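Chains as they are written, first to last, in our numbering: chain L, 1 to 417; chain Y, 1001 to 1283; chain C, 2001 to 2325.
No lab work stands behind these hints, which were simulated from the structure alone.
Check each hint, because a few of them may be wrong.
Claimed, not checked - Below 25 Å or equal to it, Euclidean Cα-Cα: the simulated DSS-like pairs (lysine-lysine) are:
hint	chain 1	residue 1	chain 2	residue 2
1	Y	K1229	L	K44
2	L	K68	Y	K1135
3	L	K370	L	K331
4	L	K257	Y	K1051
5	C	K2101	C	K2186
6	Y	K1249	Y	K1229
7	L	K269	Y	K1249
8	Y	K1135	L	K95
9	L	K95	L	K66
10	Y	K1229	L	K68
Given the structure is predicted, the values throughout are model-derived calculations rather than measurements.
Read off the chains here:
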Amino acid sequence: MKRLVIGAGLLALSVVPSVSAETIDWLHIESVPSTVEIMEAAAKEYETANPDVKINVQFLENEAYKAKLTTLLQSDAAPDIFYSWGGGVMGDQAKAGVLRTIGEATGDEIRAAIGGAGINAFTRDDALYGLAQNVSEVVFWGNKELLDKAGVSVEDMKTWDGLLASVKKIKEAGITPIAIGSQDKWPAHFYWSYLVVRLAGQDAFDAARTGEGDGFGGDPFVKAGEMFLDLVALEPFQEGHLAADYGTASGHFGDGKAALHLMGNWDYKNQRKSSESGEGLSDDQLVIVPFPTVAGGAGDDGDTLGGINGWIFHRDAPDSAVKFMEWYLSKDVQARFAESATYIPITRGASDTMDNTFFKEISGHINDAKWHAIFFDQELGADVGGVVNDISVELVDNAISAQEAAELVKEAVQDSQ
Amino acid sequence: MAQGVKFQKMRRMEVSPFQWLGLAVISLFVIIPLYATALGGFKSLGELRTKPFSLPQSWDPQRFIDIASESTFFLTLWNSLLVSTATVLLTVILSSMTAFALAHIRFFGRRLLTNFLMLGLLFPAATAVLPLFLKLRDLGLLDSHLGIILAQTAFSLSFSILLFHNFFKELPDELFDAARMDHCGYVQIYWYITLPLSLPIIATVSVFAFVSSWNNFLLPLVVLNSPEKYTWTLGIMQYRGEYSTDWTKILAYLTLTILPAIAFFLAAQRYIISGLTGGAVKG
Amino acid sequence: MTVTPDLPQSRIKSVSDSDPIETAAPQKGAAILKQRFFGKSSVALVLFIPLTLGLFTLLVVVPMIEAASFSFYDWNGYGPMTDFAGLENYGDVLTHRHFSKALRNSFLVIAVSLCVQLPLALWAALALVQNNWGISVIRTLFFLPYMLAEVAAGLMWRFVFDGNYGVVPAVGDMFGVSLPFVLGDKFWVMPAIMLVIVWKYFGFHMMIYIAALQSIPKDVIEAARLDGVSRWKIIWHVQIPMIRSAILITVFFAIIGALQLFDLIIPLSGGGPSHSSHTIVSFLYQFGITRMKLGFGGAVSVILFVVCVAITIGYRHYLTSRKWD
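All chains should be built: construct the whole structure from the sequences, respecting the hints.
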């Protein structure tokens, strides 16, 4: 890459001494070809409008990306812009000094467009490290037909108790209530996390993560485990769920073999792809059931759990890299992704043109939420987050008590401090 | 010796019915998962998930064609071939030389050196990847095939030296006596006597080194940055997503990419099986 | 300490004395050799040793020592390693609630490698040592699992074990029993993984045996057969004793390989359910590397290293003591 830059520089020098092209390495993890096409077209467009900048689009697959990032950031080949889930991992990177702060390089316009939640997600110790791109939310995806057959309505599942009652009813009707890919662990952690969001709320969560008071050993966290175990006791999951990964569970749901699936909005497309017919459940057959509320919980009923993903910058990244991202995250460019129902852009107004009703509904939830909690396994960093995943899957397996689970998360927080 | 007589005798040593039965059972055990892979490339994702062992609904080779017509496919295969072949050559040359010295030359610190060279087997390589990466970086070997070749060779040394050492120790005395008569030095003994007699073990070590290099994922991943230098194991990435994986494409891809490894094995097998030539031993 | 299992000399005497300590009086042949070639040996040593030694030290030993040094720090892989932790990581590993299970599983894998895998490999090697077209095909087939990438192997076996559509429940149906989702069952998951291990690696040991069997001079077997010795007796009294050193080395590989095993575990079970199927190294990978706790990972590595060294020394001692019987 460096040689390319120098080469291009020399070439430019010899022809037109005043212009030298700057190469920006942009590393993404998007593997859906149609989405990559839009991204690459945008990069081309930017290059045409800014002849002094060359965008070098690079790709690494999700798992490979995670495995490589630690080493990559410590070499000359580190990309200028790379994908991030924010949270604790970004915090570690920031602390280690491998990231660039971009506060001084970003204008008010983009900050306003991305909005407070997006800016917060990429801020550590008052320094801004990245720009948010998209939001996601975890909901119960419901199979209308099966729910009807069991005589259960979306309204019935408004509260946790309602959900438990509905699960019983669905089971009595001979239908598998819930599909889950327990082997991947993170699908199970949605349950515990969401119950924490409901029971503890933002303030208690923020206190717990810094180890204040009882930390994660406190009452609401134990209660979250207990309520999760209440659900597990009903044996609501498909047979063999401990050996199922996310793809299997998604396909199971897409085949119409389970009534509910707690998953992020990406499952809208995935349940089709993984289903036996390749068609999955159509829009008419699908319904969104927001995660139930819990009576007496400290959290707001409208709080959501999901992700805010975006782009962060290597410490050597030039200003032009930030400028490019500002343009890329502008409403006009992001609207292209909204239209193709790829993801829900965070940029204000970009999702207005979205005509997918499900994505619109989810977008509405997130906008209305007082707290959009980031996936705990990302928010709490690789270490504590990993423990949350561990205990969640052990709760699903009924192999641990709620008390033990909460204690283990608490200990992990203590260890990491 | 009359070929005919020998042939007849050999026939008597052939596989008995009981052995055939056992071989058939093991074959079945071996084949079942392989069969699912080879057919998986013809199926849709849903079909793969629900009917992994039935014949595919259609024999449309589209996925295989798609993969093979991808411009990067043959490039990544070529890169893998380059890296693996170089690794095999370097491994065989270095480890056979060293093993020969350890087995046949007495020198100060030989025991210590033998033990030292075995250390590579006793420590989990996964932990050493980060420091190894930093070493390669400092040596300026990042994003180069040479970096991978050297690292893979280094990591296969312990194992290969042990195999060679074990084999060399067993070579009959008489051969070396003969060499002594001719006033051969160690280098000549190594080159003219030991190596030609060691074809089975050379071929065996080559196969092992080739397979582990061919399938290596982590090292190319951390070392290589330019897509045009990628090995096939990195090429597989394009079929995996954050939340979904195109398993049928991956199965088709795996089926295609194991073929060179099989070809290498078939070529090597001739030398493994040819064994010691009768004449040399009697010599 | 010696790490090489000291392999007893077989029928054919080795050229050099293979172990200066074990032999009180050096063998005569070796002494002569030494005398005769001492002058020339330096050339060979300069040619044969330094390259290997340099490459190995630089790219294997030094990184390993560095990785081991992580174990005394709290470090996430980024930036300088400054947070000295003493032996804390070792304490964390040894008291980790899943560590003992991982250790136990690793020893289970050793047991199955020694008791099932090696006999199977030897049996197959004896049957497949002949050379003809059909046998060559079977030999290639048996070696295929070893040639296949671990990820692929893990994925395929997931299909076989799938409780809805896989082979295992179909076999269960045949016998009228309902087999659980083996990879989701705390009891069955290790047997299932061990089955895959045998499947994947028996071909490796088989090839070592075949290479060794090929090196037995054909006239030895020929002569035995002409004397009317039965097939079984040839196997027991000629072939197996003559590949004894190959067998001993595969035992060593099987033990060490079992202790280092991990890349099959991740795609198969991910260590689950509820962390019941981790081996030492998959435990290391899951709780150390992917969680960016490199100090923890370093501590597991050092502990495993110590275990491996202890086993190696023990094995060597066992062989030496047997030899003196």
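Comparing the hints with the structure gives:
About 24 Å separates the Cα atoms of K1229 (chain Y) and K44 (chain L), which keeps this hinted pair within 25 Å; it holds. Among the hinted pairs, K68 (chain L) with K1135 (chain Y) is consistent with the structure: their alpha-carbon atoms are about 16 Å apart, no more than 25 Å. Distance check on the hinted pair: K370 (chain L) and K331 (chain L) sit about 23 Å apart at the alpha-carbon level, within 25 Å; holds. Simply put, K257 (chain L) and K1051 (chain Y) have alpha-carbon atoms about 16 Å apart, close enough for the 25 Å limit, and the pair holds.
Straight-line distance between C-alpha atoms of K2101 (chain C) and K2186 (chain C) comes to about 12 Å, which keeps the hinted pair within the 25 Å bound. A hinted pair counts as satisfied when its Cα atoms are at most 25 Å apart, and K1249 (chain Y) with K1229 (chain Y) qualifies at roughly 22 Å. A distance of roughly 18 Å separates the Cα atoms of K269 (chain L) and K1249 (chain Y); the hinted pair therefore holds under the 25 Å criterion. Restraint check for K1135 (chain Y) and K95 (chain L): the C-alpha separation of about 24 Å stays at or below 25 Å, so the hint holds.
Taken as a hint, the K95 (chain L) and K66 (chain L) pair is honoured in the structure, with Cα atoms around 18 Å apart against an allowance of 25 Å. Distance hint between K1229 (chain Y) and K68 (chain L) is fulfilled; the C-alpha atoms sit about 16 Å from each other, no more than 25 Å.
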